[in-house]
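S.K.: Sequence:
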Amino acid sequence: MTKEVLSAIQDAVGTQVFGIWFLIGAAFVFFMQAGFAMVEAGFTRAKNAGNIIMKNLMDFCIGTCVFIPLGFGILLGEDALGGFIGTPTLGIFTDYANFDWSNFVFNLVFCATTATIVSGAMAERTKFLSYCIYSAVISAVVYPIEAHWIWGGGWLASLGFHDFAGSCAIHMVGGTTAFIGAALEGARIGKFTRDKDGKVTKVHAFPGHNIVIGALGCFILWFGWYGFNGAAATTGPQLASIFMATTIAPAIATVVCMIFTWLRYGKPDVSMCLNASLAGLVAITAPCDVVDATGAIIIGVVAGLLVVFGVWFCDNVAHVDDPVGAVAVHCLNGIWGTIAVGLFATKTAPECTLKGLFYGGGFHQLGLQLLGVVTVMAWTIITMTIVFKIIDKTVGLRVTEEEEIVGLDVKEHGLASAYAGFSLMDITEGSMSINENTELGENDYDEASEAQRAASVKVTAPVDPETGIHKVVIIAKLSRYEKLKTALNDLGVTGMTVTQVMGCGVQKGAGEKYRGVEMDVTVLPKVKVEVIVGSIPVDKVIETVKRTLYTGHVGDGKIFVYNVQKVVKVRTGEEDYDALKDVEQEKSLQQYSGLLCIVRRGI
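Just so you know, we're using the working numbering here: the sequence shown kicks off at 178 and counts up by one.
Think of the hints as simulated: they come from the structure by calculation, not from any bench.
Please note that a few of the clues may not be correct.
Only pairs whose alpha carbons sit at most 30 Å apart, straight line, appear in this in silico BS3-like list of lysine-lysine [stated by the list, open to error]:
hint	residue 1	residue 2
1	Lys735	Lys717
2	Lys379	Lys444
3	Lys532	Lys570
4	Lys705	Lys717
5	Lys444	Lys662
6	Lys743	Lys717
7	Lys743	Lys723
8	Lys570	Lys588
9	Lys570	Lys654
10	Lys376	Lys662
11	Lys566	Lys660
12	Lys660	Lys373
13	Lys660	Lys376
14	Lys743	Lys662
15	Lys588	Lys662
16	Lys654	Lys373
17	Lys570	Lys524
18	Lys705	Lys723
19	Lys660	Lys723
20	Lys723	Lys654
21	Lys717	Lys662
22	Lys566	Lys379
23	Lys566	Lys662
24	Lys654	Lys735
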């Protein structure tokens, strides 16, 4: 076998292998839809989780419907209007045998990604119908036209602009659209406190309801990004180099973000670090095929800082409510990644023919990258502002106040809860502050005198006996539950109802921070213990509980005592104190609490 024949066989095999990898990479990118859905659902509130999932599902499905007749042709069709737009084609119907199936599938999944980015920034207050409309417009016209400039042989491509996998074409466009939409429809109810002149005086944190789901989404996206960046590779060395850059940049960005938030806010911010991983991935997307390890590291460092700045900027300067950080992750880092090509491109990267500013290439490539950023952003701002304005004036962009408060799951989809069978709490806004009537006492147990500790367990006056039956409700720290249970048992209380709850009270000092914003209410896990006592003096119960729970620190807990007006035992009809007794054993009411009807007074 001659060298020429062997080379031809190798070329043919290589073509087939990378053709298959091209489609596998498209499948990776499709799986990223699950990642976006998890991140957005986890970073928002439970009452809107079903709505988030529905939007991420429909992004791809609606995108497919409009990409078939219109989007694909505009993106990859024959140049028209001087490289501004591709010519729409129905070749998928008229000439299926010769249709470019691979490019259709590949570009479709990228198109859906652009629309998906927007949903996170506009989450929790956007009408589902309106979302479907602008998602269709993005997939049919807005994205295909600017992507044609870059990847379809359009005017930017002819000049030499480089965006290998979409920092500009996808992420910057999606992030810019997200900023415009979030700004036009306004913040979620309670996100900002304003004075009488409309000036923002305080930013409120709305923590995501499930950080675990958000983290899972982040890992799914990182995994899918190897296909996102690497699917278009044409050689083994190029693919390996792309994988390396796609690993280094997000890892560096995450570490930098962790250190920065640790220093800035006192603790490493979990959700911000998850955003930083995605920011590093976005920033490396355009230059992934043209940078070396040093370039990837620098790109990651900047991305890790830029995402924190972006979240702060949206909250404190622009006052744009972005629940998931889409603007910081995709818009700012999409811009940074596009510019980074003109700074760090090096011919030492496999198949690279570009040289950036820091590698002796001068300002030429950097100028082209800046031109691409400005023109693509201008196109996005103009078109999407028009789209959002038209939607707002016709069907309306935002849901009603009632719909937003109740939740889009119920109002938009008739879904009572995305988590059937679970009791979920929604904390939006509200704070407690120290005032002239507040007495917090000693902060430190060691500072409390013997007299103070003795006074803490003193019952100043007897409880009104009336029936002699009382319900005692105790709110305490979870950490004290075992000691409390043992103490009550030693006292003679033989049954109790225990519920794990969330609670807060007036707290000294700065509260915890979420994404750099101080939370109004730091809601902590508590335990609520309820007991009914008749034969045991309620004063003894109070004294026992106080001695058990007291540490001298804020948050030791509270005790509530209620007079029970009537007790009826369903099985026998016995009432009041007799109802607390059992034929077989003289035990208290709690042992049979499931069979009793308690009518209380004063609750």
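S.K.: Which hints from the list above does the structure break, by number from lowest to highest?
M.R.: 3, 5, 9, 10, 11, 12, 13, 15, 16, 17 and 23
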